[in-house]
Amino acid sequence: MKPLAALFALAALAFAEPSPDKSVGSKVAPTLIDVFLDFQCPPCRMFHDQTLPDVIANYADKGKVLIVYHDFPLPIHNHALEAAHWANAANSVHKYKIVSDALFKAQPQWVASGDLRSVVATVLSPAEMKTTEAHLKDASIDAGLDKDRQLGIQMGLKQTPTLVVTHKLQTYPFGGFISYSILKQALDDINSK
Amino acid sequence: MKWVLLFLRVALGAVFLYAAYAKLIAPWYLFAGNIDSYQMVPPWASEWIARTLPAFELVLGVVLLTGWKLRYTALVSGLLLLAFWLSMVTAYAKGLAIDCGCFGSGEAVSKLTLLRDGALVAIAAVLWHFSRKRHAV
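Chains as they are written, first to last, in the numbering used here: chain S, 5 to 197; chain X, 11 to 147.
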């Protein structure tokens, strides 16, 4: 990554105000974890299901880290962008995380069928579904996704999942699936600095 | 031929030294994360490899540069590089877009990394083959 681009990206990460629905943990936590995910990528699903719950329970919920989610749909995944649209549209009813969970849980099904709507409908009420569908084509969603994508590009992202851990303006990038036991040791070491 | 073999031995040693250096200057868990992303070994093995491999690469690099016991060091280097290459081929075939972890973080597994690692395996094989015929190159 070019030094100037890295500096801007780091500043963006450190000072951006995260959406409360796309973040977990205390805003005054000493460590920030920016998580870049693609709903269609299998390692992202593994990370979301196997690693993230422990990080949330043991670090975010205890005020040690702030986790901020970023959507980074890869062009090689034919339904990833649409899935990101559904999750972000659900943000209009404050259900981004619930829809994200549902999308990762049912990933093999909708990747095969392409039917995202029915997956989202399983976790939203009819009224929420109506609002979400009304927001699907919002320009603000495209703008938000583009912002995440630009941030990822500035950070030199080549893959998903990618975690960028920032502590005292020092960044630690983790590309690809990472297990909780290794991430835990990393976070403990980083937080002790 | 003698000078070609000398060049190959020094080049291979330098590659191992650089690989070790790039990993040792970063926290071990960044490399452990790279290994984890291959999804081939359990987390405890990723940690063990991340903590030991850079030092092993450092020793291999130094020994290759000196030419000591080349017959054995070329064989060990070749087998290690072959293991790396097979891991990368498997990840590439699975469609995993991951860091190769070859020289620290930041380089994705690609056709280029496969080609480069394959060439290094070939160099180690050449060194091993010729070192069987003479004591040192």
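Since the hints were made in silico from the structure, they are not lab data. If you're wondering where the values come from, they're calculated on a predicted model, not measured in any experiment. Don't be surprised by glycine CBs; every beta carbon is placed ideally from N, CA and C. Where hints are given, some of them may not hold.
As the list claims (entries may be wrong) - Below are the DSSO-like pairs computed for lysine-lysine, each with C-alpha atoms no more than 30 Å apart in a straight line:
id	chain 1	residue 1	chain 2	residue 2
1	S	K188	X	K143
2	S	K68	S	K151
3	S	K66	S	K141
4	S	K109	S	K172
5	S	K109	X	K104
6	S	K172	S	K162
7	X	K143	S	K162
8	S	K197	S	K68
9	S	K66	S	K188
10	X	K121	S	K101
11	X	K104	S	K162
As the list claims (entries may be wrong) - Which bits of chain S does chain X cover? Going by a derived footprint, with three or more residues having C-beta under 8 Å, they are:
id	stretch
12	149-161
13	180-188
Hint-by-hint comparison with the structure:
no.	hint	verdict
1	S:K188 with X:K143	violated (50 Å)
2	S:K68 with S:K151	holds (26 Å)
3	S:K66 with S:K141	violated (37 Å)
4	S:K109 with S:K172	violated (35 Å)
5	S:K109 with X:K104	holds (21 Å)
6	S:K172 with S:K162	holds (24 Å)
7	X:K143 with S:K162	violated (45 Å)
8	S:K197 with S:K68	holds (13 Å)
9	S:K66 with S:K188	holds (14 Å)
10	X:K121 with S:K101	violated (37 Å)
11	X:K104 with S:K162	holds (16 Å)
12	149-161	violated (count 1)
13	180-188	holds (count 8)
In this structure, the earlier hints numbered 1, 3, 4, 7, 10, 12 are contradicted, and the remaining ones agree with it.
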